[in-house]
Amino acid sequence: MKSGPLLFLGVFATLAVSWTSMVLAPQLQIGRMGPKPMATGALYPAARPGLAEQGREVYRQNGCAYCHSQQVMQTGYQLVQFLTDPGTNTQAVVEAVVKWKSPAISKLEAAQLVAQAPVKLFEGISKKKADAVENELKEAGAKVDLQIIPTGPDIQRGWGSRQTVAQDFLSDYPVLTGNQRVGPDLANVGVRQPNPIWQLRHLYNPRLEVKGSIMPRYEFLFEKRRLQPGQRPSPNALPPDTSGDPNVEIIPKPEALALVAYLQSLQANVPLFEAPLKTAKAEQTANGATNAPTQAPTP
Amino acid sequence: MSASSPATLQTSSPSGSVELSFATPAEVDRSCRAPVTLLFLCSALWLIIGLLMAMISSAQMHAPGMFANAESLTFGRMRPAATNALIYGFALQAGWAMALWMIARLGRVPLAGGGVIILATLFWNFGVKLGVAGILGGDSTGFELLEMPRYAAPILFLAYSAIGVCGIVTLHARRERSLYFSHWLLFAALLWFPWIYSTAELLLIYFPVRGVFQTAINLWFANNLIELCLGPMGLAAVFYFIPKLTGRPLYSVQVAAIAFWTLLFFGSLGGLYAGLPLPKWMTTVSILATVLLLVPLAAMAFNLKQTTAGVERGLCKSNLPLRFICAGTVFYFIAELLRVAGSLRSVNEVTRLTLFNPGVAALELYGFFLMVALGAFYYIQPRICDTNWASEKAIRFHFGATLLGVVLAAIPLLIGGVIQGFRIRNPSADFPSIARGLVPFIGLSTVGLTILALAQLRFLFSFAGLLRRCCCGGVASEASLKSEKSKGGQR
Chain U
4 MKSGPLLFLG VFATLAVSWT SMVLAPQLQI GRMGPKPMAT GALYPAARPG LAEQGREVYR
64 QNGCAYCHSQ QVMQTGYQLV QFLTDPGTNT QAVVEAVVKW KSPAISKLEA AQLVAQAPVK
124 LFEGISKKKA DAVENELKEA GAKVDLQIIP TGPDIQRGWG SRQTVAQDFL SDYPVLTGNQ
184 RVGPDLANVG VRQPNPIWQL RHLYNPRLEV KGSIMPRYEF LFEKRRLQPG QRPSPNALPP
244 DTSGDPNVEI IPKPEALALV AYLQSLQANV PLFEAPLKTA KAEQTANGAT NAPTQAPTP
Chain R
104 MSASSPATLQ TSSPSGSVEL SFATPAEVDR SCRAPVTLLF LCSALWLIIG LLMAMISSAQ
164 MHAPGMFANA ESLTFGRMRP AATNALIYGF ALQAGWAMAL WMIARLGRVP LAGGGVIILA
224 TLFWNFGVKL GVAGILGGDS TGFELLEMPR YAAPILFLAY SAIGVCGIVT LHARRERSLY
284 FSHWLLFAAL LWFPWIYSTA ELLLIYFPVR GVFQTAINLW FANNLIELCL GPMGLAAVFY
344 FIPKLTGRPL YSVQVAAIAF WTLLFFGSLG GLYAGLPLPK WMTTVSILAT VLLLVPLAAM
404 AFNLKQTTAG VERGLCKSNL PLRFICAGTV FYFIAELLRV AGSLRSVNEV TRLTLFNPGV
464 AALELYGFFL MVALGAFYYI QPRICDTNWA SEKAIRFHFG ATLLGVVLAA IPLLIGGVIQ
524 GFRIRNPSAD FPSIARGLVP FIGLSTVGLT ILALAQLRFL FSFAGLLRRC CCGGVASEAS
584 LKSEKSKGGQ R
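Residue numbers (our numbering), protein chains in the order written: chain U, 4 to 302; chain R, 104 to 594.
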């Protein structure tokens, strides 16, 4: 090859293809996403409260995302059908249950099951069968509910009730999805660990709360104060056993409080169209939790 | 074809149709002396700083109490500071040093704009210093490989523009008109960097896009920086030095062309992995493109194999620059095959978000890029300084220690990452014990990084000695390393 301009055009065209498909096209598709109304009418995701916004800055500054991801993966889902109300015609309901239940159960067992309503009827059934069961039970006057339960190792581990989707990150800058799991996933840490004192003590010295943890200490987010004889401990100080010395109290700095507020606001568990937890009908009755906690931690 | 291989240029005599006479290698080297030496020197200093920081941040993972009171030395700041020092301080500058010299040598033309390059290099290093200090001070942007704060970015961009323009101008002014494979690769790398860097900076820092699209752009940038800026610069050196030092012309220009265009096309689309909260088509395209990287990899492997067919094994041992380059080439193919494997959905389900990926990155950065850059450096530096290496033994030691360091730094992360992935997938395994299980692997990797850092420190002394002889005109004891220098007509 001799021609410089030809080389330039070729390289430029390849670059343009990469840029168009990986930068421009997604911008057109997801760049204009906005908060969506949930079943409760509130918008999701709501902006995080001010203190949590500040906490995200602390999270960014100190590179928490180099060990903690915020992305729950889902590998599949399971349908679970509930009998919420057997209605008045129990006889017909019991017969329908006996007809569909496999392995087969006796009428007596079915009657016991129906009497426990609301109760789980079928786990892991197909959508087709669920519809057939629903029709029959409805005719008998019963009420049923179908739930979608996401499955996958992350969900079984308790890191979230559904997969993380693009909608969850709309109110964040920078988006800190993380690329490592040296520490646990934090997409739902606000649901998992709502206690702010636990979080603060864990930041001060992770080994106080999790035995054998390899997380670094973040002592610089706290103020260490030696108590003079007769001086009363500060109302903001962490429990006296935190410092290991009864005369030294540990007071969280504003950064620590902000970081904990951010951690508590990490609750990506709202059912969404693209990541449902329940069928549309069930969602109407569910209480929508929001991304944002209503109050800041007060240690 | 024959004229476009550095190994065959001795036979292709300058024809009368060329307006300007070819510059001799000595002329080219003289024009490169100050700018290329400065780039190499700065990159070597950043290499040591970066390795020391990488070593500390790795140690912090098994000594969690380390620097608990020093805000700016905490793991989450040390880690990105190390990565940025290594990529922007060491790798890019070393890559440009090789690129400028190769462009001038292959084009048989003196390097254009030496003074501009020197100024731009100083400016660039100021930007990197500012950026790394900013990260340690808590101004990290939070985007991987783009952590340097917004006030450092314009400095870097302007400094690069000057260096890139000088490279392109030299390329344009080439007196040997045919463009060799290494030329293509270097041209692509020089053009790619400003494009991806400005796109990423503008869309992530200055006019940020919304939501998780930030992650997509971030991963697109990181992938392109490694695969299409650093990758081609290293490969250009591989395809320059292997034919040159073995004395064989490149086997096939057609196969090289296939490799080049497929590498650009597929390499630029990778980087996203399954399970990201992004539209499915994006991850699917990305995985497919990464798997199709097998095409350029196969083409390059075939070309190298045919080029070196029949070359005696001993040459790789006796010729020290070639030894580094060969080791780097092997690491390149291993790292890229692991990258392809890790992108497959079934493998990715295990290796995603584990130490496996930093392991692959370590193979790419230390195994491939560092090795190749050192090989090129050992060849280029004495020529442009017109002197010799003092001790062949020191170079052999440097090679052995670097090889050991690379293996120890990368392999434990790969193994530990796979184990970590399997254990995370088992929901009954308790998480703190999974994390504790990583400690021995990270520990070994820390040892590897320490060896790497010490080896480069020793190397810096040889470099300093060479520079002193270059400036003060001393004579080295062993002259064996410069034997190829006097052959006429080489480019």
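What the hints contain is simulated information worked out from the structure, not anything from laboratory work. The beta-carbon is built from N, C-alpha and C at its ideal position, and this holds for glycine as well. Check before you lean on any hint, since a few could be wrong.
Unchecked claim - Going by beta-carbon spacing under 8 Å, a handful of chain R positions derived as facing chain U:
1. PRO183
2. LEU239
3. LEU248
4. TRP298
5. SER301
6. PHE368
7. PRO380
8. GLU415
9. CYS419
10. PHE436
Hint status (Cβ of PHE436 (chain R) to nearest Cβ of chain U, threshold 8 Å) | Given a least distance of 22 Å, the restraint on PHE436 (chain R) is violated.
Interface hint for LEU248 (chain R), Cβ within 8 Å of any Cβ on chain U | 11 Å, violated
Regarding the hint that CYS419 (chain R) lies at the interface with chain U, is the smallest CB-CB distance below 8 Å?
-> 29 Å, violated
Measuring from the C-beta of GLU415 (chain R) to each C-beta in chain U, is the shortest one below 8 Å?
-> 31 Å, violated
Hint check: 8 Å Cβ-Cβ cutoff, PRO183 (chain R) to chain U | PRO183 (chain R) check passes; min Cβ-Cβ to chain U is 6 Å, inside 8 Å.
Once the shortest beta carbon distance from SER301 (chain R) to chain U is found, is it less than 8 Å?
-> 11 Å, violated
Using 8 Å as the Cβ threshold, decide whether TRP298 (chain R) counts as touching chain U.
-> Holds. Min distance 6 Å.
Would you settle whether the hint for LEU239 (chain R) is holds or violated, based on the nearest Cβ-Cβ distance to chain U being less than 8 Å?
-> Status violated, d = 10 Å.
Status of the hint placing PHE368 (chain R) at chain U (closest C-beta pair under 8 Å) = With a minimum Cβ separation of about 5 Å from chain U (threshold 8 Å), the hint on PHE368 (chain R) holds.
Verify the interface restraint on PRO380 (chain R): the C-beta must sit less than 8 Å from at least one C-beta of chain U.
-> OK, holds: PRO380 (chain R) within 8 Å of chain U, min 5 Å.
Of the numbered hints listed earlier, those contradicted by the structure are 2, 3, 5, 8, 9, 10.
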